[in-house]
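Residue numbers (my numbering), protein chains in the order written: chain Z, 1484 to 1857; chain B, 1484 to 1857; chain H, 1484 to 1857; chain S, 1484 to 1857.
Just so you know, same-sequence chains aren't split out, so a pair can sit in one copy or run between any two.
Calculated pairs, SDA-like style, for lysine to any residue (alpha carbon to alpha carbon, straight line, at most 25 Å):
1) K1699 <-> D1511
2) K1564 <-> A1702
3) K1699 <-> L1548
4) K1699 <-> A1510
5) K1699 <-> W1555
6) K1762 <-> I1619
7) K1757 <-> P1743
8) K1757 <-> F1820
9) K1716 <-> G1512
10) K1564 <-> I1714
11) K1757 <-> L1773
12) K1757 <-> R1695
13) K1564 <-> A1551
14) K1699 <-> P1509
15) K1757 <-> D1744
16) K1699 <-> D1748
Keep in mind the hints are simulated off the structure, nothing from the lab. Treat the numbers as computed from the prediction; the structure is a model and nothing was measured.
Protein chains: 4
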Amino acid sequence: MPTFSHPDFAAARFTQAPDARFVPAPADGVLPEEFFSTTNLPTYVRVKGQWRMPNEPRMDSALVLDAAGELWVREGRRVRKGDLVAVGHAEDGSEGIFVHAAAFMGDATEGEFKFMTSEVSREKPIDYALMAGILIEERERGGYPVWVTGPALVHSRARNDMAWFIANGFVGALLAGNAVAVHDIEASIFSTTLGMTSSGEATTGGHGLHMRAINKVRAAGSIARAVEQGIVKDGIMYACVMHKVPFVLTGSIRDDGPLPDVITDALAAQDAMKRHTTKATMAILIATALHAIATGNMLPAFVTEADGSLRELPTICVDSSEFVVSKLKDRGTHQAFGVVTNAQDFMHILRLYVERELDARGTAARPRAVAAAR
Amino acid sequence: MPTFSHPDFAAARFTQAPDARFVPAPADGVLPEEFFSTTNLPTYVRVKGQWRMPNEPRMDSALVLDAAGELWVREGRRVRKGDLVAVGHAEDGSEGIFVHAAAFMGDATEGEFKFMTSEVSREKPIDYALMAGILIEERERGGYPVWVTGPALVHSRARNDMAWFIANGFVGALLAGNAVAVHDIEASIFSTTLGMTSSGEATTGGHGLHMRAINKVRAAGSIARAVEQGIVKDGIMYACVMHKVPFVLTGSIRDDGPLPDVITDALAAQDAMKRHTTKATMAILIATALHAIATGNMLPAFVTEADGSLRELPTICVDSSEFVVSKLKDRGTHQAFGVVTNAQDFMHILRLYVERELDARGTAARPRAVAAAR
Amino acid sequence: MPTFSHPDFAAARFTQAPDARFVPAPADGVLPEEFFSTTNLPTYVRVKGQWRMPNEPRMDSALVLDAAGELWVREGRRVRKGDLVAVGHAEDGSEGIFVHAAAFMGDATEGEFKFMTSEVSREKPIDYALMAGILIEERERGGYPVWVTGPALVHSRARNDMAWFIANGFVGALLAGNAVAVHDIEASIFSTTLGMTSSGEATTGGHGLHMRAINKVRAAGSIARAVEQGIVKDGIMYACVMHKVPFVLTGSIRDDGPLPDVITDALAAQDAMKRHTTKATMAILIATALHAIATGNMLPAFVTEADGSLRELPTICVDSSEFVVSKLKDRGTHQAFGVVTNAQDFMHILRLYVERELDARGTAARPRAVAAAR
Amino acid sequence: MPTFSHPDFAAARFTQAPDARFVPAPADGVLPEEFFSTTNLPTYVRVKGQWRMPNEPRMDSALVLDAAGELWVREGRRVRKGDLVAVGHAEDGSEGIFVHAAAFMGDATEGEFKFMTSEVSREKPIDYALMAGILIEERERGGYPVWVTGPALVHSRARNDMAWFIANGFVGALLAGNAVAVHDIEASIFSTTLGMTSSGEATTGGHGLHMRAINKVRAAGSIARAVEQGIVKDGIMYACVMHKVPFVLTGSIRDDGPLPDVITDALAAQDAMKRHTTKATMAILIATALHAIATGNMLPAFVTEADGSLRELPTICVDSSEFVVSKLKDRGTHQAFGVVTNAQDFMHILRLYVERELDARGTAARPRAVAAAR
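Only chain Z is shown next, with the shape it has when bound in the complex (with noise of 0.2 Å):
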């Protein structure tokens, strides 16, 4: 992965600079009028003639300076009124805000004519060893890669491939929707989903056993409960529960149900994404144009190592269609690389690359001891 340096503070651009100033919120979860919309590219602001960067970066929202003088990076329905944030619409740095974007969005085009130049297409090969050999990287220094899935992946019998990687310590945290806890938990009690089966067959009398699988965690009062009490007895919320993975489940407008554990709350379902993207060194986005930018949105673009130093967050977006790839890139998410696939092939032939490559290195596939440890 690309790694960034920072810019050169000692320039003139940045010595005449200004501070950047700060006005107070007008009131609770209201901005300033001119107030600085963040990105999710590195930022640095000039506080005393200091130029810092913010805590949890994360695109749209503002930038906040607390009382102990710390930085945030602070969605705007979460500032309080009075907090100081930051105003002006510049982002190289004439205002005392500086946008690092070149490092990220340098020159894409230089005027030459080519083929093959598109950015996400079915038509470009995709690199399993080269996304495998990433997550075992992350597994090896203790990163903490999220895993953001849609419901196909569970239709389409990927469970079994998405449970390993949980068993085996390569997801940091899964956030996902109601649906794919559904639909998991109706394959592991009815064999089914939405009432199909494994071969792809409607089932008579189908269309209830979503409910019925609902109904019984419900009656369990958890999904840890009812994995406790036998009722679900393997696959993806199994595995979590078993290797004590998190997993945070948000609500939709389109939920049956829900489970007993989906946050119903959007804002309270988005602080408990946040939770987790904010520690995130690497982000997995399949099968879901919703989560995926929703988490998009929460992410930075890049890792800051603990030596302070910079690199490219890794982010791979998987989806049946270019459109939801683009559409993730429109809202922002520039870094993301697409994987125009089906979830069912991806999630397969990914945990074949990754088994191949531990088989190389001689490092065993092995439950998430550590994880479970907690």
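Start from chain Z and add chains B, H and S according to the hints.
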């Protein structure tokens, strides 16, 4: 639109059937183990020898008999401990519950070799004249067409057309997410959507404009107040406010802001949507998978007329890809008629056909006066 | 694969039917006005009181009775003035021609409410084990699987996998267009496809590399000679040449070059393809709408075994979008089973499953020795 | 439309450049090893100290200097043994050939964080007013707009609109495949396309109707004679015949029939198409990947005006999916402007805007009288 007869309950299969069996719910929000799971089709429940249709029909729910002897279709989460819930799996009346599937799901294939038999395809002609006719008839008889839209509608400049339908009495209620209102209001204030101009150009600093639009409305306190204060001067939300067309904005984890009117709790949002879907006499679902499926889940496939007769509930689903329409049908909204096109073009031509038909009938387009008086 | 019985011709509807009526063609390539237009389903023609099946069944063609009393399905353009052509529209035997549709087209819908009933969807599981099993069985019994591929297969690095299937006896014939061979040969010579590297980068000067590859083969005189001369050293075309697997490269207006082996006349190309489709016992159509539909048009939906019994002709259609598969079915190839995924991933997993199954059976993958001796 | 200046050939990089080097072709249809491979951009070749532009510019071809000293862009297959062919890889003039890429391929990205920067998306607004204006201006100045269409146009009832454009002088030439004409003529004779009615219903016996339509035209001898004989009474091909708008129907392996006018040899068909693309001043590519890319390959990205000045050749590509437009661009037709919508809707609205604009200008739509006199 097709109409349907009730079954002949004098037939032996019905006269010899038992009453439906009801069992108390074991806990709040938990259904009895063998609960009957509803569909969106006309359903008859035998109570004390009488075949009756429940109130508020929808799929994925339970049948509840209340203390007053009234029958309801109710979501499992809304059932309270001790409520009497119908049990049984049979849909053929043999256990006292009959789903009138034949009329709706009938003989698709008669074993004949034909071309062009797919249900959803961009190669199918789009009958705008038919759709325009249905819309006008709904207005004539005081129907309640529910419009459900995704943000692509706003991006691609169908704003004016949507506002026209609202202003002229063709919209009973508008159901959408935060993003529709955000893009619409950004367009009103800044003439951009996500910073893209109306000719499709990305603008410098444009990435923050939706946040600025949200912030202005949050400062005003509500969309209605932002209209009153002259902040929002045109567009979809403006038309809703001015013509007193009710709208429901439901939250999602992807939301920026959100706007003050957004219902962020998914269950409260579902309840708010359902207040409109239970009145719906037509549904138009445009460029949204999430909201279309959510609405499809809540909608009966039929309208019960004042005289008790049944007709199909016209349900139009517009999307750029066949997949969304097929997915909606795969979730049980079989009555949906798919239109595979761009939302912008759909709105433009539909309005044109409605205007022509009004001209032909000598009926002027007219501000929604009756509606405004509600 | 399903097998089918012949109809019971002792039934009254057949014993009382008249002989089919034949009328001379009015001119070369022109059929009599009321000609019977064929389908791809088992068809029986009553001639002198006997119900007989014609040779070389395919859709969109005519039934011709030759001087020797043989029955043929023949494209209109190949009919000569005076040839005896069957007339009539009825497919139920009442005019002496019976299309055995029931077995194939049968009862799709039984009027029951179900989820997940769509025919083609990315949400359907993909049964690689089943497909691998069919392929191995075809090899065991000396079947003739016809593979039809589009260029995306080559772009996305499934070249090796395709070459493996060719080398190991799983390919009866390869049907493709100029582009497949061009990209494959560019990859062999320059390690790019349309100038894109195997990791997806566009290269400077890369836009001309496919032209240079074509030019080298044109200079050599044929693909086989380019292999002999060591210009083409690996890949799909190399494997065909080395293992003597026949291929047909058909021309199109989009072609660069073309390569010397390409049949540029569409009718000659159809005739060349049909020499293989009439022998086909299985069809695998990957990432091509044009060639898949072309092949579907020529293929019967069934295989006639040596003993006269019938079975469905396994037809797998792989594409990134549901649309191509639906379009193929809409053109009458109803027997096609759709796999909605990326061609690269499909090939990789299919090979993996075939290898595993061969291992499990103790049957080694083996160079196509029998084939090579042809 | 953007216009472009020629480079300043007084600059040192041009005055110091050598003449281009020409080498005789080693055999018919075979280019010298290091041939220069052309692009669709303005290209200048230094011959005897003069920078000159070749005739008939297109991509994927060679530069040939004929005996008369004329420069041509010529497909490799058309080069004869001994023809002088330019060699070299450099496009910057240093080997005597300069590709003027900057104007066309210029600075896409300036390293700034923006939303909505994707090139092709259904979320982009469609500027019908702009396209209508260009079409009218082309008609005003006697331009030569080439329309290239796929069969979806006919299926989905845009027939009338296409015929209107033909009849009113907006079509220089129509380039299509056999299927467009077949569906159009089936619609005229039987009111169906592939047996589907204009309201989208599959009909009994409908699968044979396209074959019956083809057979009638084959009996008549040509489309023009079928029009004369009253067999074809309306539609696209009828309009071409009546208004003497030239059309090229190119064959493919998928073709039924084909119709008598179809050029079945791909190379002859390319030559026929190129006679129109070399005159083109605008290109409109609708609902066809194959023909759009074929045309894109043959088209320069620019128009050379009578006075020698250059302007971009307006190229509109309409398809239901982003993929086709991106694929066209990935094959080098970078100038294409993508419209992601349904062909039927595109045609309907475009016509509407053209009619409105003609009204506004007081210019009546008018039968193509001048054209008819050609």
